Amino acid sequence: AQKITQTQPGMFVQEKEAVTLDCTYDTSDQSYGLFWYKQPSSGEMIFLIYQGSYDEQNATEGRYSLNFQKARKSANLVISASQLGDSAMYFCAMREGFGTYKYIFGTGTRLKVLA
Amino acid sequence: EAGVAQSPRYKIIEKRQSVAFWCNPISGHATLYWYQQILGQGPKLLIQFQNNGVVDDSQLPKDRFSAERLKGVDSTLKIQPAKLEDSAVYLCASSPLTRGSPGELFFGEGSRLTVL
Chain R
97 AQKITQTQPG MFVQEKEAVT LDCTYDTSDQ SYGLFWYKQP SSGEMIFLIY
147 QGSYDEQNAT EGRYSLNFQK ARKSANLVIS ASQLGDSAMY FCAMREGFGT
197 YKYIFGTGTR LKVLA
Chain E
551 EAGVAQSPRY KIIEKRQSVA FWCNPISGHA TLYWYQQILG QGPKLLIQFQ
601 NNGVVDDSQL PKDRFSAERL KGVDSTLKIQ PAKLEDSAVY LCASSPLTRG
651 SPGELFFGEG SRLTVL
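One line per chain: the protein sequences are R and E, in this order.
Residue numbers for the first sequence, in the working numbering: 97 to 211.
Residue numbers for the second sequence, in the working numbering: 551 to 666.
Quick caveat, the hints were computed from the structure, so don't treat them as lab data.
All figures in this text were calculated on a predicted structure; none of them were measured in a lab.
Where hints are given, some of them may not hold.
What the hints assert, rightly or not - Dumping the calculated DSS-like pairs for lysine-lysine here, alpha-carbon to alpha-carbon at most 27 Å:
#: 1; chain 1: E; residue 1: Lys594; chain 2: R; residue 2: Lys166
#: 2; chain 1: R; residue 1: Lys198; chain 2: R; residue 2: Lys166
#: 3; chain 1: R; residue 1: Lys112; chain 2: R; residue 2: Lys198
#: 4; chain 1: E; residue 1: Lys628; chain 2: E; residue 2: Lys612
#: 5; chain 1: R; residue 1: Lys169; chain 2: R; residue 2: Lys208
#: 6; chain 1: E; residue 1: Lys612; chain 2: E; residue 2: Lys633
#: 7; chain 1: E; residue 1: Lys612; chain 2: E; residue 2: Lys561
#: 8; chain 1: R; residue 1: Lys99; chain 2: E; residue 2: Lys561
#: 9; chain 1: E; residue 1: Lys633; chain 2: E; residue 2: Lys594
#: 10; chain 1: E; residue 1: Lys594; chain 2: R; residue 2: Lys198
#: 11; chain 1: R; residue 1: Lys208; chain 2: R; residue 2: Lys112
#: 12; chain 1: R; residue 1: Lys99; chain 2: R; residue 2: Lys166
#: 13; chain 1: R; residue 1: Lys198; chain 2: E; residue 2: Lys621
#: 14; chain 1: R; residue 1: Lys198; chain 2: R; residue 2: Lys99
#: 15; chain 1: E; residue 1: Lys594; chain 2: E; residue 2: Lys561
#: 16; chain 1: E; residue 1: Lys612; chain 2: E; residue 2: Lys594
#: 17; chain 1: E; residue 1: Lys565; chain 2: R; residue 2: Lys198
#: 18; chain 1: R; residue 1: Lys169; chain 2: E; residue 2: Lys594
#: 19; chain 1: E; residue 1: Lys628; chain 2: E; residue 2: Lys561
#: 20; chain 1: R; residue 1: Lys99; chain 2: R; residue 2: Lys208
#: 21; chain 1: E; residue 1: Lys565; chain 2: E; residue 2: Lys621
#: 22; chain 1: E; residue 1: Lys594; chain 2: R; residue 2: Lys208
#: 23; chain 1: E; residue 1: Lys621; chain 2: E; residue 2: Lys561
#: 24; chain 1: E; residue 1: Lys621; chain 2: R; residue 2: Lys99
#: 25; chain 1: E; residue 1: Lys628; chain 2: E; residue 2: Lys565
#: 26; chain 1: R; residue 1: Lys198; chain 2: E; residue 2: Lys612
#: 27; chain 1: E; residue 1: Lys565; chain 2: E; residue 2: Lys612
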């Protein structure tokens with residue numbers, strides 16, 4: 097069964113340091129997509145980064161990069177040079193299907209950036 | 551481009567009462583999703599529409615929850631009668647599914663329900 101696992105309920109990082117948020121997934125599909133979303137305390141879900149299952153290079157978007165290891169079924173988010181505004185919940189999500197997509201989410205990791 | 555609109559933002563009701571949430575997706579987005587997010591958990595899909603047809607409602611508690619998207623645009627999610635465990639944020643999302651795009655979900659701000 098399709099599944100997303102985030103094993104870190106909470107993480108702390110010092111401002112300006114890098115942090116890695118873990119995500120593993122399980123799927124029998126060959127074509128799928130992996131996403132990371134940020135959810136600040138205000139509640140909105142903000143799309144950060146995307147990795148397609150056939151993409152050979154790791155995705156990067158500014159300070160965000162996705163460490164995609166297909167054989168290990170992991171899609172970890174790396175945030176470089178952490179800022180206080182990065183404090184939020186982070187969700188890993190997977191898109192499956194063809195034509196009509198289905199998205200499932202992990203349980204999230206709460207990141208706190210310390211000054 | 552206007553984002554996904556949801557209302558109301560907050561609702562407090564007594565158990566066994568009814569409540570309705572409204573969502574207007576981004577213009578042109580064919581697929582609309584309703585998620586339930588209980589405090590401290592990830593979003594859980596309740597129902598998925600493509601245009602005005604239901605694609606997946608396998609996790610919708612149909613004895614109390616209903617949803618419709620009559621003209622393939624805006625959607626309403628109803629709970630009747632509400633239970634204490636329905637306290638959650640109800641997130642609406644839409645997706646463009648445009649060729650070449652990653653197909654990320656665009657979320658509204660959510661409707662926070664408290665059932666007393």
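Between Lys633(E) and Lys594(E), does the CA-CA distance stay at or below 27 Å?
Distance ~17 Å between Lys633(E) and Lys594(E) Cα, so the pair holds.
Would the hint linking Lys198(R) and Lys166(R) be met if the CA-CA limit is 27 Å?
holds (20 Å)
Check the hint pairing Lys621(E) with Lys99(R) against an upper bound of 27 Å on the C-alpha distance.
Roughly 33 Å separates the two Cα atoms, so the pair is violated.
Given the hint that Lys169(R) pairs with Lys208(R), does the C-alpha gap stay at or below 27 Å?
The hint holds at about 26 Å.
Given the hint that Lys621(E) pairs with Lys561(E), test it: the Cα-Cα distance must not exceed 27 Å.
Given pair Lys621(E), Lys561(E) holds - Cα atoms ~26 Å apart, limit 27 Å.
Taken at face value, is the distance from the CA of Lys612(E) to the CA of Lys565(E) at most 27 Å?
holds (17 Å)
Would the hint linking Lys565(E) and Lys198(R) be met if the CA-CA limit is 27 Å?
violated (31 Å)
Measure nothing beyond the straight line between the CA atoms of Lys594(E) and Lys198(R); if it is 27 Å or shorter, mark the hint as holding.
holds (11 Å)
Lys565(E) and Lys621(E): Cα distance at most 27 Å?
The hint is violated at about 31 Å.
Given the hint that Lys112(R) pairs with Lys198(R), does the C-alpha gap stay at or below 27 Å?
Roughly 36 Å separates the two Cα atoms, so the pair is violated.
Given hint Lys112(R) paired with Lys208(R) - CA-CA distance at most 27 Å:
Given that 27 Å is the threshold and the Cα spacing comes to 12 Å, the pair holds.
Straight-line Cα separation of Lys169(R) and Lys594(E) no greater than 27 Å?
holds (21 Å)
In summary, the numbered hints that this structure violates are 3, 8, 17, 21 and 24.
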